[in-house]
Amino acid sequence: MTNIRFVAYTALAVGLINWRYIDFNAGSFAIIVGAVLLLATLIKPVHSKLVKGPGFVLAFVLVAVAIIYSFLA
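This note's numbering puts the first residue of the sequence shown at 1, with every later residue one more than the last.
These are calculated hints, taken from the structure and not from any lab test.
Note that the coordinates shown come from a computational prediction; the quantities given were computed from them, not determined experimentally.
It is possible that part of the hints are untrue.
Simulated restraints, written as ranges between beta carbons of each label pair [unchecked claim]: (1) Ile32 x Val57: 18 to 26 Å; (2) Asn25 x Lys52: 30 to 38 Å; (3) Ile32 x Phe56: 16 to 24 Å; (4) Asp23 x Gly53: 13 to 21 Å; (5) Gly53 x Ile22: 18 to 26 Å; (6) Lys49 x Arg20: 27 to 35 Å; (7) Ala35 x Ile68: 31 to 39 Å.
Idealized CB from N, CA, C, for every residue including glycine.
Modelling step: build the complete structure from the supplied sequences, incorporating the hints.
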């Protein structure tokens with residue numbers, strides 16, 4: 001498993017836990033971010049840009065914002 005998929009699965013897991021137990025809207029945002037990131041890893045040209053470089057940093061920051069938002073909401 002690549003690092004980008006690990007980040008996406010983490011966002012998905014945190015989103016599902018928050019969606020079920022804490023807040024529906026904040027959890028939904030993290031679920032959407034994780035699902036879109038996982039779908040992006042299935043497309044070969046996008047996956048190669050997300051694995052390393054600025055694409056990974058942008059994806060990591062987006063997931064971090066989604067996770068922090070889901071905990072603070």
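Hint-by-hint comparison with the structure:
1. Ile32 x Val57: 18 to 26 Å: 20 Å, holds
2. Asn25 x Lys52: 30 to 38 Å: Given range 30 to 38 Å: holds, Cβ gap about 33 Å.
3. Ile32 x Phe56: 16 to 24 Å: 19 Å, holds
4. Asp23 x Gly53: 13 to 21 Å: Since aspartate 23 and glycine 53 have Cβ atoms about 33 Å apart, the given range 13 to 21 Å is violated.
5. Gly53 x Ile22: 18 to 26 Å: Given about 34 Å between the Cβ atoms, the range is violated.
6. Lys49 x Arg20: 27 to 35 Å: 33 Å, holds
7. Ala35 x Ile68: 31 to 39 Å: This hint is violated: roughly 18 Å between Cβ atoms.
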